[in-house]
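Residue numbers (the working numbering), protein chains in the order written: chain U, 10 to 279; chain H, 5 to 77.
The hints are simulated quantities; they were obtained by calculation from the structure and are not laboratory data. Check the hints yourself; a few may be wrong.
With a straight-line cut-off of 20 Å between C-alpha atoms, the simulated SDA-like cross-links for lysine to any residue are [stated by the list, open to error]:
(1) Lys44(U) x Ala57(U)
(2) Lys87(U) x Lys19(H)
(3) Lys49(H) x Leu72(U)
(4) Lys87(U) x Val43(H)
(5) Lys19(H) x Ser35(H)
(6) Lys49(H) x Lys44(U)
(7) Lys19(H) x Arg74(U)
Stretches of chain U that chain H covers, calculated by requiring three or more beta carbons in the stretch to come under 8 Å of a beta carbon on chain H [said to hold, decoys possible]:
(8) 24-35
(9) 93-100
(10) 216-227
Note that the structure is predicted; figures quoted are calculated from it, not measured. Glycine residues also receive a C-beta, built at the ideal position from the N, C-alpha and C atoms.
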Amino acid sequence: MTENTDALAQARALDGPLTIGGHAFPSRLIVGTGKYTTNQVMVDAIRASGAEMVTVAVRRVDLDRTKEEGILHHLDPKEFFLLANTAGCYTAEDALRYARLARAAGFNEWIKLEVIGDQATLLPDVAATLEAAKVLAGEGFKVMAYTNDDLIMALRLEDAGCVAVMPLASPIGSGLGVVNPYFIREIKRRLHVPVIVDAGVGTASDACVTMEQGVDGVLMNTALAAAKDPVRMAHAMRLAIVAGRLAFLAGRMPSREIAVPSSPLEGMLD
Amino acid sequence: MSPSTTTIKVRLNGKERDIGEGHTVRSLLESLELHPALVVVELNKEILARDAYGDTQVREGDNLELVHFVGGG
Numbered sequence: 010m011t012e013n014t015d016a017l018a019q020a021r022a023l024d025g026p027l028t029i030g031g032h033a034f035p036s037r038l039i040v041g042t043g044k045y046t047t048n049q050v051m052v053d054a055i056r057a058s059g060a061e062m063v064t065v066a067v068r069r070v071d072l073d074r075t076k077e078e079g080i081l082h083h084l085d086p087k088e089f090f091l092l093a094n095t096a097g098c099y100t101a102e103d104a105l106r107y108a109r110l111a112r113a114a115g116f117n118e119w120i121k122l123e124v125i126g127d128q129a130t131l132l133p134d135v136a137a138t139l140e141a142a143k144v145l146a147g148e149g150f151k152v153m154a155y156t157n158d159d160l161i162m163a164l165r166l167e168d169a170g171c172v173a174v175m176p177l178a179s180p181i182g183s184g185l186g187v188v189n190p191y192f193i194r195e196i197k198r199r200l201h202v203p204v205i206v207d208a209g210v211g212t213a214s215d216a217c218v219t220m221e222q223g224v225d226g227v228l229m230n231t232a233l234a235a236a237k238d239p240v241r242m243a244h245a246m247r248l249a250i251v252a253g254r255l256a257f258l259a260g261r262m263p264s265r266e267i268a269v270p271s272s273p274l275e276g277m278l279d
Numbered sequence: 005m006s007p008s009t010t011t012i013k014v015r016l017n018g019k020e021r022d023i024g025e026g027h028t029v030r031s032l033l034e035s036l037e038l039h040p041a042l043v044v045v046e047l048n049k050e051i052l053a054r055d056a057y058g059d060t061q062v063r064e065g066d067n068l069e070l071v072h073f074v075g076g077g
């Protein structure tokens with residue numbers, strides 16, 4: 010056993026699994042499968058990340074190109090838990106259509122609901138997201154809803170029956186990290202369903218800081234896929250997620266803007 | 005009935021295509037070298053159950069969408 014797996018095994022004993030909708034996931038990291046330079050790098054990076062749940066998108070089969078472009082030619086659905094998304098949808102109606110197509114693929118009834126409201130920022134259309142969430146939850150979907158870092162909308166999505174609420178750290182693909190840790194903490198404090206921070210994490214310190222806010226997990230894609238070495242970054246993220254989680258559970262020392270010595274003041278020589 | 009040399013016009017993933025007459029959805033997928041278990045079919049805006057592929061005839065003017073999972077975040 011290497012030092013890393015030993016440390017990870019010890020860390021796992023100090024934390025429970027990520028439980029969403031009655032399903033326990035060993036890792037608190039969820040990763041996307043988009044934008045990798047090659048399928049082999051994608052699979053290697055996902056394995057290195059330790060994530061069990063991976064997101065996929067629903068798209069037309071390209072009839073003019075290779076038949077191997079479907080992700081399931083590269084990613085074994087027995088090894089990973091597939092979370093289909095509704096990425097690219099700009100209306101509730103489109104999101105419902107994509108979600109139903111995803112479920113018809115026959116793997117599970119889970120959906121990462123995402124309704125985009127603006128092309129420039131890719132910020133979510135929360136009104137349309139809520140509308141779609143209600144319909145999908147009513148149809149028996151396990152909805153994990155991507156949303157803004159807005160407490161009220163997060164509460165509404167929970168009320169709508171979502172199994173997890175996923176506020177952004179910062180815009181999709183921006184790598185800016187958590188721009189509003191206070192709102193993320195507030196959402197986590199008030200919701201009963203798991204809170205997964207989705208989008209905006211850029212590097213390991215971002216992932217660690219995100220987990221230190223007390224959230225249940227992090228979903229990322231570009232931070233791995235666009236790293237110069239995605240496999241190394243995936244290892245780093247795996248460790249950062251665990252580190253941030255344990256630091257949160259441990260409870261940090263109070264921060265103060267004065268120095269306090271760590272060694273005794275008594276017993277000094279004359 | 006096997007596909008004949010007579011063709012019909014269908015809309016396939018947004019493009020007009022001429023395909024042989026007499027195809028079922030299953031035989032059409034096979035002719036496109038697509039694995040039925042990895043593709044979801046929407047026929048005229050309705051999702052077609054996988055166990056109906058073999059019994060569903062493709063007809064002139066049908067609008068078919070063939071989708072699958074690709075990489076995404």
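Outcome of the hint check:
1. Of the supplied pair hints, the one linking Lys44(U) and Ala57(U) holds, its CA atoms being roughly 17 Å apart against a limit of 20 Å.
2. Of the supplied pair hints, the one linking Lys87(U) and Lys19(H) is violated, its CA atoms being roughly 34 Å apart against a limit of 20 Å.
3. Only pairs whose Cα atoms come within 20 Å are accepted, and Lys49(H) paired with Leu72(U) is accepted, the gap being roughly 19 Å.
4. A C-alpha spacing of about 17 Å is found between Lys87(U) and Val43(H), which places the hinted pair at or below 20 Å, so the restraint holds.
5. Proposed proximity of Lys19(H) and Ser35(H) is supported: the alpha carbons are some 17 Å apart, at most 20 Å.
6. As the CA atoms of Lys49(H) and Lys44(U) are separated by approximately 29 Å, the hinted pair breaks the 20 Å bound.
7. For the hint linking Lys19(H) to Arg74(U), the alpha-carbon distance of about 15 Å falls within 20 Å, and the restraint holds.
8. With 0 residues carrying a beta carbon less than 8 Å from a beta carbon of chain H, the segment 24-35 of chain U misses the three-residue requirement, and the given coverage is violated.
9. Chain H is given as covering the segment 93-100 of chain U, and this holds because 3 residues of the stretch bring a CB closer than 8 Å to a CB of that chain, at least three being needed.
10. Counting residues of the segment 216-227 of chain U whose beta carbon lies closer than 8 Å to any beta carbon of chain H gives 0, which falls below the threshold of three, so the coverage claim is violated.
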